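*Asks:* The chain contents come next:
Number of protein chains: 2
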Amino acid sequence: MLKDVTFRLAPATQEDAASMMDGIRAAEMLKGVRGGDAVNREAVQDIIVRVSQLVSDFPEIAEMDLNPVFASKDSAIAADVRIVVNFSPKPARFRPEEKDVVASMNRIMKPKAVAVVGASNEAGKIGNSVMKNLINGGYRGKIYPINPKDAEVMGVKAFKSVKDVPDEIDVAVFAVPAKFVASALKECGEKKIAGAILIPSGFGETGNIEGREELQRIGREYNIRLMGPNIYGFYYTPSNLCATFCTAYDVKGSTALSSQSGGIGMAIIGFSRSAKMGVSAIVGLGNKSDIDEDDLLLFFEQDENTKVIAQHAEDLKDGRAFAEVAKRVSKKKPVIMLKAGRTAMGASAAASHTGAPAGNDKIYEDVLKQSGVIRARSLRQMLELSRGVPILPTPKGENVVIITGAGGSGVLLSDACVDNGLKLLKPMPDDLDAAFRKFIPPFGAAGNPVDITGGEPPITYVNTVKLGTEDDRVHALIPGYWHTIVTPPMVFARNMVQIVNEMKEKGKVKPVVASLAGDVEVEEAAQYLYENGIPAYAYSTELPVEVLGAKYQWARAAGLL
Amino acid sequence: MLKDVTFRLAPATQEDAASMMDGIRAAEMLKGVRGGDAVNREAVQDIIVRVSQLVSDFPEIAEMDLNPVFASKDSAIAADVRIVVNFSPKPARFRPEEKDVVASMNRIMKPKAVAVVGASNEAGKIGNSVMKNLINGGYRGKIYPINPKDAEVMGVKAFKSVKDVPDEIDVAVFAVPAKFVASALKECGEKKIAGAILIPSGFGETGNIEGREELQRIGREYNIRLMGPNIYGFYYTPSNLCATFCTAYDVKGSTALSSQSGGIGMAIIGFSRSAKMGVSAIVGLGNKSDIDEDDLLLFFEQDENTKVIAQHAEDLKDGRAFAEVAKRVSKKKPVIMLKAGRTAMGASAAASHTGAPAGNDKIYEDVLKQSGVIRARSLRQMLELSRGVPILPTPKGENVVIITGAGGSGVLLSDACVDNGLKLLKPMPDDLDAAFRKFIPPFGAAGNPVDITGGEPPITYVNTVKLGTEDDRVHALIPGYWHTIVTPPMVFARNMVQIVNEMKEKGKVKPVVASLAGDVEVEEAAQYLYENGIPAYAYSTELPVEVLGAKYQWARAAGLL
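Line by line, the protein sequences are chains U and Y. My numbering puts the first residue of the first sequence at 1, with every later residue one more than the last. My numbering puts the first residue of the second sequence at 562, with every later residue one more than the last.
For the record, the hints were derived by calculation from the structure and aren't laboratory data. Some clues are possibly wrong.
To be verified - 27 Å max Cα-Cα, derived DSS-like pairs, lysine-lysine: (1) Y/K837 to U/K276; (2) Y/K999 to U/K125; (3) Y/K923 to U/K426; (4) Y/K1067 to Y/K987; (5) U/K362 to Y/K984; (6) U/K125 to U/K191.
Said to hold, decoys possible - If you want the footprint, here are the derived chain Y segments under chain U, 3+ residues with CB under 8 Å: (7) 819-828; (8) 965-972; (9) 979-992; (10) 1009-1016; (11) 1035-1047; (12) 1102-1114.
In this text the structure is predicted, and so the values were computed from the model without any measurement. By construction, the Cβ of each residue, glycine as well, lies at the ideal position given by its N, Cα and C atoms.
Start from the sequences and build out the full structure, keeping to the hints where you can.
*Replies:* Right, here's the structure in full:
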């Protein structure tokens, strides 16, 4: 007898996955399904898919309640159905053709000319900060300050309206109060600007729904895409473009991040600068009146400067579109998502923050999994994975080997491997085991972890790690370092980097992550390792394994393993 | 019908909890219990308890297999029983009286005189490093180098044997090869030294079981307690005592840590120094031939310099003793445990590292929970909790309030509260809600999280956090800071510390933890907050909440909430 269960399906097709999102409500309602041990899974699945389809085909259906559903071995039947209809439903979300999205997004993210609507000479004003960031950030395209009074802003010739600018403009950054946005947006539309970066707040989040809808109408009418409103703007480092009023940022890397929240955006910048991770882009999506996660996926999919995409989202405005696009993009580039509002309390907070509706997190879990998206469980984890995943090469098989100087680290690294879905090469093939044993003291332990023991000189780490890297039965390596006077941290780090580089030349490219146990000098060594292709952490046996685990999770979902 | 389940009990009494540990094997064997929906839980429980008792009372029982056990609504019966006996079983573990443990441990941890067996003038030797650490660490008791040849070691008069030393000696640190340990240990016994710190390896971990048993016999004969073998030694900072060959360490704090692994010990030192957390003690337990976790608990229970106890363990040699002691000690001081070898792969690694047997982790989980022990899930988490838990005052109730400048952080902080078993004050009482609203802009959100919005000046953080601290319906606060030019990080940090200090004077003592989203300057602010009583983290919404959650978990288990 099943009771109080929410049915979770593993959708068989892309369409199923997409309709799952529409079917959130349906699945929620199927909580009351009753059946014996042998429930006909397909029959229940069929009901959910049909309900989803119905809800999706008829936007007039505001609510649909199947309760109870009796499921037996042979069939599933809804004993009672309640349908609430609403004949003035919201219009379906506008969804342009993919090629149009990409064309617009390319003009927005890699503009030849940027206008700043509300550019100002007055320090402290948003329009002044944006100008400073554009100029000081090193952007090499044209900058057009738009200001009704001043002839120049920060030494750059200003115009009264975008329409007065003689050249083409790709993107306009808005730094004017909410009430001036609509008319300026219309002018941007007439000027055929591809995108408006709507920094101003005072729309959806304050209950000004009409204001937001007006912007959306203008956007559609003139084919101008809207980022925001209520955002910090965006960064695209390959163009040295800081279209934002926040801190300037220019450390280049290959992860593109986005966030719905300004606070999270600032955390990305701080972490990124502190960890020297670098980014290709940081994008604020705010209240997502138009551009959302799947638009960004489409751009970053074809962006040669981006290798990994990480997104913080409080909701998905269009789950079907996201699942469709993410499923394809994640086959090419790892997609990481931090879905905030996982819990009921979090979802309720999200509702008052960005108006995100409370979705059933189990459904998000399934959809993200089916779409090949790596789900980050915390802000710091999203950041750490953003840093580590693009650095690691794709593994060619499942066999992980731990080589450690500290037996205690070996135990914890083994636990972490299990936690992160990694498989240790076990049992170690006899010849490989014998080969490892040759290098380690008799009281060390071969097997896996290979415990080389703590007192060993650098050459023991070198010999064993080299052996693991050379052997084709080993697909990934986790060296666990123990700080001793005999093998100082930087000696270990330089050796590891040298091995990985030598092996690369021989075509032996494998992911290597390292855990360092020791006094504070291990921090410098970890940073050096990280900067040279080996994600490494001091005082942690879990973090390096989480990074490796995420790379594996992606590789499996992308069909590369 | 139940199949392939391991029965997990929530032991009702302390004795049950203890016998659970002995009953690991019994519970494992009960995997095959069969029964209908309505299994008589008490009957099955009874079987397990009886089996445990049997196994514990008759050490001759090497293995006992009840399979199958039929459980019905009314009873549970074992249909077949197989017992393997071994008439030369291991002797029961020696367990001295608690008062004797405490007396010995006090002499060991706070010695008036320390002998270094194998003290050496030769740089690079362990006996030289130990001498250096004792002298340079600032230890003010007497130091007696024991060296058969040299008249002085590092300027200190040396003796050929501990027996030649005219004064009383409390503890002897061993820095001689394994083969010389037994005879020197006997001399220590004759000298009535309370404890031997056995740094040398070459006993249990190399299969030299006889050698280890010989030391244990000598220890028992002369009533000398053994720490190790195969350890780094120990630190007790209140006495400036570094009885170790590893890095000297002297940052004082109130957490006592121990580890079975030298690597983990070094990670503790590195993290502790880097985070400026300070410790009261760091102890290496290694192969635990004698002194183990419960001996340490007994010492730290009554140690005025220790407020929190954190232990890394690969096994518990005597689960019954640990559960008994931990249950009592954890009522007074939080006990944190990182149990390594949680997973099958980890346990197998532990078996080859310290010979720790693979226990059923579910049983550990129950026993630790029943004993009021906070279980750390990772090395870094054990370290972070060691740092944060002693700083926080004990909460007086369950109502947590989040006050945030970044709505996005508020959502993630809410998720983290749920993840860590914390309850938000919801619904916010009307009068309190109205009071918060007075301080925040109209487009901010009251409720909980209180979203003060990003652009606010320092006074808004001050007013709202002060309000939360003053109101007796609020028991803990989580400020979420968003870095802006208007409210720079250090201004926020100084304000928070000032409020907490002012409130302390008014008797309003509440735990406060903070999450900081922003550019790198937030790291300095987080460090300042931490050093002034507010555990705070940059770029993380989870870590501060984990610390608060651990404090709550402890307070609940200790019956303080």
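*Asks:* Now tell me if each hint is right for this structure.
*Replies:* Outcome of the hint check:
no., hint, result
1, Y/K837 to U/K276, "holds, 23 Å"
2, Y/K999 to U/K125, "holds, 26 Å"
3, Y/K923 to U/K426, "holds, 24 Å"
4, Y/K1067 to Y/K987, "holds, 26 Å"
5, U/K362 to Y/K984, "holds, 22 Å"
6, U/K125 to U/K191, "holds, 25 Å"
7, 819-828, "holds (count 8)"
8, 965-972, "holds (count 8)"
9, 979-992, "holds (count 4)"
10, 1009-1016, "holds (count 3)"
11, 1035-1047, "holds (count 4)"
12, 1102-1114, "holds (count 3)"
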